[in-house]
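Asker: So the sequence lines, in the order shown, correspond to chains A and Z.
So the first sequence is numbered by numbering that gives the first Met the number 0: it starts at 0 and just counts up by one.
So the second sequence is numbered by numbering that gives the first Met the number 0: it starts at 0 and just counts up by one.
Please keep in mind that the hints were generated in silico from the structure rather than gathered at the bench.
Bear in mind the structure is a predicted one, so any value in this text is a computation, not a measurement.
Check each hint, because a few of them may be wrong.
To give an idea of the interface, some chain A residues facing chain Z are shown, with a C-beta separation under 10 Å as derived from the structure [as the list claims (entries may be wrong)]: (1) A113; (2) I427; (3) P433; (4) V451; (5) E454; (6) H455; (7) A472.
The calculated label-pair distances, taken between Cβ atoms and stated as ranges, are [as the list claims (entries may be wrong)]: (8) A:F434 - Z:D119: 49 to 59 Å; (9) Z:L39 - A:V357: 39 to 49 Å; (10) A:A327 - Z:S19: 52 to 62 Å.
Backbone N, C-alpha and C define an ideal beta-carbon position, used for all residues, glycine too.
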Amino acid sequence: MGRHLRALLLPAAAVMFTAGSSGRDWDLWLMLLLIPYALAALARSLSFRYRFDPAELVVRKGWVFRSERHIPYARIQNIDAVQNVLHRALGVAEVRVETASGGEPEATMTVLPAAALTEMRQFVFSGREQAPVDVQASPAEDSSEVILQLRPSEVLLYGLIESRGAVIMAGGFGILWELGIFDRAFERATGSELAGGGVFRQMLRAAIGQAAVSMRAVFITLLLFLALLLVLRVLSMAWAYVRLHGFVLRRTGDDLRVDYGLLTRVSGTIPLQRIQTLTVSESPLHRLFGRVSVHVDTAGRTGTEEQPTRREPIAPVFRRADLESLIATLVPSVSLTRVDWQPAHRNAVRRARVRTGVLASIAAIFAAGVLKWWSIGVMIPLALWAWVYGRQYVTHLGWAFVGDAIVFRSGWLWRHLTAARFSKIQVITRTESPFDRRTGMARVSVDTAGAVNSEHTIDIPFLPAETATTLAATLSARAAETAFRW
Amino acid sequence: MIPAETNTLVADGVHRSLDSEWIELQRLVGWIACAVLAPLLLIGLGVALLLGSLSFDLKLLLSVMWLAVTLLLAWLAQAWPAIEYRRFSYALDPEHIEIRRGVIWRTLTSVPKSRVQHIDVAQGPLERRYGLATLSIYTAGTEFARVDLPGLTYARAVAIRDWLLPGRARDVDDGT
Numbered sequence: 000m001g002r003h004l005r006a007l008l009l010p011a012a013a014v015m016f017t018a019g020s021s022g023r024d025w026d027l028w029l030m031l032l033l034i035p036y037a038l039a040a041l042a043r044s045l046s047f048r049y050r051f052d053p054a055e056l057v058v059r060k061g062w063v064f065r066s067e068r069h070i071p072y073a074r075i076q077n078i079d080a081v082q083n084v085l086h087r088a089l090g091v092a093e094v095r096v097e098t099a100s101g102g103e104p105e106a107t108m109t110v111l112p113a114a115a116l117t118e119m120r121q122f123v124f125s126g127r128e129q130a131p132v133d134v135q136a137s138p139a140e141d142s143s144e145v146i147l148q149l150r151p152s153e154v155l156l157y158g159l160i161e162s163r164g165a166v167i168m169a170g171g172f173g174i175l176w177e178l179g180i181f182d183r184a185f186e187r188a189t190g191s192e193l194a195g196g197g198v199f200r201q202m203l204r205a206a207i208g209q210a211a212v213s214m215r216a217v218f219i220t221l222l223l224f225l226a227l228l229l230v231l232r233v234l235s236m237a238w239a240y241v242r243l244h245g246f247v248l249r250r251t252g253d254d255l256r257v258d259y260g261l262l263t264r265v266s267g268t269i270p271l272q273r274i275q276t277l278t279v280s281e282s283p284l285h286r287l288f289g290r291v292s293v294h295v296d297t298a299g300r301t302g303t304e305e306q307p308t309r310r311e312p313i314a315p316v317f318r319r320a321d322l323e324s325l326i327a328t329l330v331p332s333v334s335l336t337r338v339d340w341q342p343a344h345r346n347a348v349r350r351a352r353v354r355t356g357v358l359a360s361i362a363a364i365f366a367a368g369v370l371k372w373w374s375i376g377v378m379i380p381l382a383l384w385a386w387v388y389g390r391q392y393v394t395h396l397g398w399a400f401v402g403d404a405i406v407f408r409s410g411w412l413w414r415h416l417t418a419a420r421f422s423k424i425q426v427i428t429r430t431e432s433p434f435d436r437r438t439g440m441a442r443v444s445v446d447t448a449g450a451v452n453s454e455h456t457i458d459i460p461f462l463p464a465e466t467a468t469t470l471a472a473t474l475s476a477r478a479a480e481t482a483f484r485w
Numbered sequence: 000m001i002p003a004e005t006n007t008l009v010a011d012g013v014h015r016s017l018d019s020e021w022i023e024l025q026r027l028v029g030w031i032a033c034a035v036l037a038p039l040l041l042i043g044l045g046v047a048l049l050l051g052s053l054s055f056d057l058k059l060l061l062s063v064m065w066l067a068v069t070l071l072l073a074w075l076a077q078a079w080p081a082i083e084y085r086r087f088s089y090a091l092d093p094e095h096i097e098i099r100r101g102v103i104w105r106t107l108t109s110v111p112k113s114r115v116q117h118i119d120v121a122q123g124p125l126e127r128r129y130g131l132a133t134l135s136i137y138t139a140g141t142e143f144a145r146v147d148l149p150g151l152t153y154a155r156a157v158a159i160r161d162w163l164l165p166g167r168a169r170d171v172d173d174g175t
């Protein structure tokens, strides 16, 4: 119920606000149409009833169009629970029950007492012949194995390495800009009045040589900018702390259990069977601290609703040294030691350089327009960058067959490695762009389930044309040999 | 590639073309699009010319551009379908269905039989006029959750659908 009303609240408020200010009556009338919808949503949630039968969960909803759904405990794959502050205060949780078939959760109970959740987990897990798992399980009580437990220092490190809550940061930044905070801070710091147009425009004019700005002012502005970046990082760390406090990843039989959150407590299960692809990511900051970030794609969730259990990486920050054991747990058939990486086409470096060079040229043209003669200072580094990046990108490009999976790595500074088992491959494509045709290359990509938010997929560019054909054929054959189970 | 006149379905992995009526269908679609776009652009041009603060040279240039774009659209409508037809084919083998398409960007898409979730055979009003249908193969994938194969006669589309679906009986989703 809360979810539906919340979804309507913001648009309704927006409509009311704009209708009032511009005097358009039809907006208000439109809003009246929302009322029956809201009432219907309300009625639907009030009609929600459930009970625990000996072998199944029975869920009923609807007044006019009634439905009764039976979900055998043996078929339940996941029970995900989210508790925000209000939920925890009242001792309830929002629970989503999923079976093996993909799509939306089969049952979503928005306010379920915690005791009932425990009971349901007992029913479900005893139905699958496993030890019952408590809502607030302590490692000593149940038979699960803790894979990863993030201490507060690790969580803060995660906030430092990644910049989380980027949208909020950008929003905050935008608001500050609008309010002229930056301009006032500049004036206060340098004691000089701004000629007009704000801090950044002033600096830009100085760069072009049209206005005289003291070096001191420039220096202080740079300092302020750096201070801002620092503040953003600190905010990111705070956000990470709130979001991932008490992060524990456990393995219970064939499932992974993940619990985290300071204010909103999230508790989710991921059956190992449902892992479609595994991606290991490294940014330069990760490498500095010897960490990696591990994500998995899971099947069965294609809805656009908020999916808190799926948004976070399965191992947000993890020691690189222990990576092998984590992968052995998540995807047992894959081992990343001694991988026989296949390289790209030998002309790939040239193409990569050209590709980066084109982008660099566009940037250089802009710079030339703005900075005129000074743009030489921009063009030379850009050209050098294109030269170096092209080579490095191709050096770090590779694919290989490992166990019963295909792995693909790419990226020089921001590195990613993705592994997909043959049994999880859905569709294979081999593509030739006109540039590919001219250089005798092709691209092979593999589509898997649940790759909605993936930063990195098996999408291999710059392959020699023959190799691409063979690879596509091999992947098709391997995929056809294996059955796909959700 | 073997032209698609045979009625029997042979899963031999040989690539077959679409039904040749597809060219006419695409031409029709192209001309309709042309008939909609050109007048719209003409209106835009008229507005630009009449709002008149442009030099004569610029007005001439815009008019010539409109003419060029319209001629291009007309050519695309008439000539492109035949060009695309030559590069559009599909093949069935015991384990997969493979689709090749694309003139400038050439793609080969391979869907293993065991990955087919469900199939639609659909006919739009224009397709019905030519006796053609589009086969839509749904998979569990993300980018390729749906793979379309147009330009099939209705009978052939149904035949391919029936051939693809029984294969799923081999691996049953029993939820464990």
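Asker: Taking the hints in turn, state whether each one holds.
Answerer: Hints, one by one, checked against the model:
Hint on A113 (chain A) is violated. Least Cβ distance to chain Z is approximately 27 Å, over the 10 Å limit. The closest approach between the C-beta of I427 (chain A) and any C-beta of chain Z is roughly 5 Å, which is under the 10 Å cut-off, so the hint is satisfied. The closest approach between the C-beta of P433 (chain A) and any C-beta of chain Z is roughly 6 Å, which is under the 10 Å cut-off, so the hint is satisfied. Given hint, V451 (chain A) at the interface with chain Z, holds; its Cβ is 6 Å from that chain's nearest Cβ, closer than 10 Å.
Interface hint at E454 (chain A): violated, since its Cβ lies 13 Å from the closest Cβ of chain Z, which is beyond the 10 Å cut-off. Because the beta carbon of H455 (chain A) sits about 13 Å from the nearest beta carbon in chain Z, more than 10 Å, this interface hint is broken. Proximity of A472 (chain A) to chain Z holds as hinted, the smallest CB-CB distance being about 8 Å (cut-off 10 Å). Separation of F434 (chain A) from D119 (chain Z) is about 35 Å and departs from the stated range, judged on CB atoms against 49 to 59 Å.
Checked against the given bound of 39 to 49 Å, the beta carbons of L39 (chain Z) and V357 (chain A), roughly 33 Å apart, lie outside it. Distance hint for A327 (chain A) and S19 (chain Z): a CB-CB separation of about 55 Å, consistent with the stated range 52 to 62 Å.
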